[in-house]
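Colleague: Chains as they are written, first to last, in this note's numbering: chain X, 1 to 274; chain G, 275 to 779.
Mixed in with the good hints, there may be bad ones.
Claimed, not checked - Dumping the calculated BS3-like pairs for lysine-lysine here, alpha-carbon to alpha-carbon at most 25 angstroms:
id, chain 1, residue 1, chain 2, residue 2
1, G, K635, G, K685
2, G, K559, G, K587
3, G, K549, X, K234
4, G, K559, X, K157
5, X, K157, G, K735
6, X, K269, G, K685
7, G, K549, G, K587
8, G, K325, G, K342
9, X, K157, G, K635
10, X, K269, X, K234
These aren't lab readings, by the way, just hints derived from the structure by calculation.
Because the structure is a prediction, the values reported are computed rather than measured.
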Amino acid sequence: MATPALRLDWQFELLDLRPRRPAPTLVPPPPPVEPGESPALRALRSALEPSIAARVRSAAELLRNASHVVAPPLLPTTLEPLDGLLGGGLPRGRLVELAARRAAGRFSIVLAALASATSMGEAAALVDLGDHFDPQLAEANGIDLRRLLWIRPHTVKEAVMSAEMITATGFQLVVVDAGVHPLRGRRAPDAAWVRLARTAEAHETAMLVSSPYPLTGTASEAVIKGTVARTRWKTAAAAGSPRILAGLDLTLTLEKHRHRRPGARATLKLEVLP
Amino acid sequence: MTRIACFHVPMFPLAARLRSEPDLLQEAVAIVEGNGSNAHVVAATRRARVKGVRAGLSLAQARAILPKLIARVRDAECERTAQEALYDVAESFSPRVEDAGEGVVYVDVTGMDRHYRAADGSVDPELALARAAIRAAEAIGLPARLGIAASKLAARVAAELPKSPNIVEPGKEPEFLAPLPLTRLSPHLEAAGTLRRWGIASIGELATLPESEIASRLGEVGRDLHCAARGIDPRPLIPRPLPPDFREGMELEWPLVALEPFLFIANSALDRLAKRMEIQGFACKRLELTLDLEPDGYYTRAIDLPAPTRDVKTMLTLLRLDLEKTPPGAPVAGFTIVAHPDRPRRAQLSLFGPAALSPEKLATTIARLVSLLGDDRVGMAMAVDGHLPERYAIGDYAPPPPPDARRNPQKSRGLLAARVFRPPIPVEVMTREHDGEIAITAIEGEGDLAGSVRVSSGPWKVESSWWSDAPAAREYWDVELDRGGVYRLYQSEPAASWFVDARYD
Numbered sequence: 001m002a003t004p005a006l007r008l009d010w011q012f013e014l015l016d017l018r019p020r021r022p023a024p025t026l027v028p029p030p031p032p033v034e035p036g037e038s039p040a041l042r043a044l045r046s047a048l049e050p051s052i053a054a055r056v057r058s059a060a061e062l063l064r065n066a067s068h069v070v071a072p073p074l075l076p077t078t079l080e081p082l083d084g085l086l087g088g089g090l091p092r093g094r095l096v097e098l099a100a101r102r103a104a105g106r107f108s109i110v111l112a113a114l115a116s117a118t119s120m121g122e123a124a125a126l127v128d129l130g131d132h133f134d135p136q137l138a139e140a141n142g143i144d145l146r147r148l149l150w151i152r153p154h155t156v157k158e159a160v161m162s163a164e165m166i167t168a169t170g171f172q173l174v175v176v177d178a179g180v181h182p183l184r185g186r187r188a189p190d191a192a193w194v195r196l197a198r199t200a201e202a203h204e205t206a207m208l209v210s211s212p213y214p215l216t217g218t219a220s221e222a223v224i225k226g227t228v229a230r231t232r233w234k235t236a237a238a239a240g241s242p243r244i245l246a247g248l249d250l251t252l253t254l255e256k257h258r259h260r261r262p263g264a265r266a267t268l269k270l271e272v273l274p
Numbered sequence: 275m276t277r278i279a280c281f282h283v284p285m286f287p288l289a290a291r292l293r294s295e296p297d298l299l300q301e302a303v304a305i306v307e308g309n310g311s312n313a314h315v316v317a318a319t320r321r322a323r324v325k326g327v328r329a330g331l332s333l334a335q336a337r338a339i340l341p342k343l344i345a346r347v348r349d350a351e352c353e354r355t356a357q358e359a360l361y362d363v364a365e366s367f368s369p370r371v372e373d374a375g376e377g378v379v380y381v382d383v384t385g386m387d388r389h390y391r392a393a394d395g396s397v398d399p400e401l402a403l404a405r406a407a408i409r410a411a412e413a414i415g416l417p418a419r420l421g422i423a424a425s426k427l428a429a430r431v432a433a434e435l436p437k438s439p440n441i442v443e444p445g446k447e448p449e450f451l452a453p454l455p456l457t458r459l460s461p462h463l464e465a466a467g468t469l470r471r472w473g474i475a476s477i478g479e480l481a482t483l484p485e486s487e488i489a490s491r492l493g494e495v496g497r498d499l500h501c502a503a504r505g506i507d508p509r510p511l512i513p514r515p516l517p518p519d520f521r522e523g524m525e526l527e528w529p530l531v532a533l534e535p536f537l538f539i540a541n542s543a544l545d546r547l548a549k550r551m552e553i554q555g556f557a558c559k560r561l562e563l564t565l566d567l568e569p570d571g572y573y574t575r576a577i578d579l580p581a582p583t584r585d586v587k588t589m590l591t592l593l594r595l596d597l598e599k600t601p602p603g604a605p606v607a608g609f610t611i612v613a614h615p616d617r618p619r620r621a622q623l624s625l626f627g628p629a630a631l632s633p634e635k636l637a638t639t640i641a642r643l644v645s646l647l648g649d650d651r652v653g654m655a656m657a658v659d660g661h662l663p664e665r666y667a668i669g670d671y672a673p674p675p676p677p678d679a680r681r682n683p684q685k686s687r688g689l690l691a692a693r694v695f696r697p698p699i700p701v702e703v704m705t706r707e708h709d710g711e712i713a714i715t716a717i718e719g720e721g722d723l724a725g726s727v728r729v730s731s732g733p734w735k736v737e738s739s740w741w742s743d744a745p746a747a748r749e750y751w752d753v754e755l756d757r758g759g760v761y762r763l764y765q766s767e768p769a770a771s772w773f774v775d776a777r778y779d
């Protein structure tokens with residue numbers, strides 16, 4: 001299992017598109033798109049039947065249409081640094097992936113998103129591949145357990161199948177937590193994630209995938225990478241008393257986003273339950 | 275005036291068998307009764323009848339006419355379930371239904387015509403009702419005929435006529451019956467020979483004779499016959515109470531030893547059950563499977579569904595999993611599936627709040643998830659009183675209705691969560707004592723759970739259930755590894771073993 005993990009870390013490096021690095025250019029840039037209807041397009045449309053011609057779009061028209069696309073409604077996680085990176089929260093009908101190898105606050109973000117959705121009275125589902133969910137802790141985090149469906153699959157394949165079924169049922173938030181490295185079972189093919197993303201889009205479900213390394217490929221709307229900046233320990237007040245874990249400071253990096261510039265960073269501070 | 279509709283399925287033993295084995299619809303099939311040389315044909319499909327196979331022929335005679343004739347023994351289980359299915363169809367039209375057996379069911383349809391009245395009055399409402407009833411019966415695989423009249427007798431005679439449906443106008447029963455032959459009143463009439471000798475062939479001719487003269491010559495049978503000929507039927511409709519459950523099943527031609535062929539047959543039985551429950555607006559809450567084993571014995575299984583559903587695929591998967599887990603251990607010669615009905619969950623949708631989940635869809639999804647993952651792998655997580663962190667309980671998922679208006683989300687407290695490991699992972703722990711203080715210096719485990727410790731914090735003592743047979747006394751530590759990761763460890767006191775039970779994440 002070590003080889004793919006190393007390769008994927010290397011892929012992370014490739015995905016780092018910060019402006020200080022020159023972006024590799026494989027092909028010359030395309031010519032500028034004409035704003036109006038080009039003669040070639042006009043000729044093509046006149047040669048086609050009207051019903052088919054009405055469906056033909058030039059690149060310029062597609063770009064113009066895309067600029068008028070309404071942004072999807074958002075489901076806020078109420079974690080301000082994360083919501084800031086995503087433009088306000090988890091987009092409904094889209095798949096967002098949160099990837100972090102070691103203890104980098106993934107599960108805390110998952111619980112915060114579930115708490116936010118259930119506190120709004122929405123139905124949420126947690127596909128818990130590693131069986132890591134603690135109901136007591138979740139309740140302390142503010143999750144309304146009555147509105148949360150807890151699913152404990154055995155393999156990645158079962159997790160994806162369960163998530164698809166649940167999404168098609170109409171849950172407003174579906175979270176797939178892939179557990180810790182190494183994942184249980186074989187990886188799901190890219191096509192499975194694309195299908196899952198399309199199901200989420202069809203049912204306007206906000207989908208969050210939390211994994212130790214990127215799994216969803218091109219299916220995700222955004223990928224956020226988490227790393228631990230610092231572990232905070234409280235110093236003992238009295239001599240002889242042990243130190244106490246106070247919290248974690250995390251750095252969240254927007255690795256990919258379809259409508260926002262990647263590379264943005266934010267710091268998230270998590271506190272231990274007093 | 276009372277209006278009674280009669281459902282009649284011609285050649286009922288054959289229709290019931292074809293409902294269970296629809297693949298035989300286009301074949302030359304005969305239903306036979308009796309064993310060995312006494313086996314005789316009861317009914318045959320059109321393809322066999324065209325070749326000359328008739329009811330009453332012995333099986334040998336029928337095979338001599340048509341060597342490729344497919345013979346099926348009359349199956350009481352098939353007929354019983356087909357009769358129940360026909361009853362369910364009738365009940366979807368009116369709650370007052372009488373089960374007359376052998377493919378005949380009476381329904382009180384008084385006043386129902388107004389539900390089928392066309393706006394322009396172009397179609398007779400009772401005719402529209404009758405056509406809807408025939409379509410409903412055909413949907414469950416029974417080619418029923420239908421007659422509507424003021425009495426059970428006239429309705430039955432009307433239903434038995436080849437051209438269906440037949441509507442007898444109120445008060446026109448004598449005129450309707452008059453041109454029909456006497457055998458329509460009763461196919462096995464003992465007095466038929468006597469009446470024929472008198473020169474009476476039709477019902478109308480009998481009705482014109484004086485009642486007292488018929489009664490004096492033929493007795494009580496003659497009086498009843500004369501009344502029937504005049505369209506008088508004093509028998510009231512006796513409705514049957516609702517059945518507590520739905521049943522489907524059949525006796526197999528030969529015993530099955532493999533699971534797949536059995537599931538193929540069970541699938542069609544479940545499909546029929548689902549359709550019947552849909553007619554009544556029910557869903558299945560519990561399935562009971564009874565297998566007749568070869569050479570003798572029974573095998574019974576009961577499967578409780580997580581929520582009422584009519585999804586055939588889900589029920590079949592649960593059946594498959596149960597049989598794979600506990601096979602019957604002998605060839606299967608017949609089966610009965612009983613579905614215990616329950617009302618599907620309903621919910622009022624909100625206009626302004628978050629969209630509610632469809633209860634029926636949710637129930638089906640949960641049942642499918644249970645069949646995919648297992649009993650205790652899907653549900654609502656429940657907090658449990660206690661002190662050990664790994665405690666949890668799982669219950670049935672039944673979310674409350676969403677609020678009427680959208681609510682703002684509750685502000686997150688930004689709490690650090692612990693990712694619980696179930697079961698805890700055993701590790702080796704190195705400790706160091708300095709000035710009376712114990713510190714953990716390294717842990718040795720699989721994968722990421724190995725390395726030197728940067729910071730350790732503890733111990734935190736937890737003692738639980740000391741009064742019970744399974745007491746737990748643990749010392750918890752939080753450790754941060756040099757390579758990254760903050761873990762929660764504990765040492766259980768009697769065995770002094772170390773385990774990692776969570777990671778702060």
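Colleague: So which of the earlier hints does this model not fit?
Modeller: 1, 3, 4, 5
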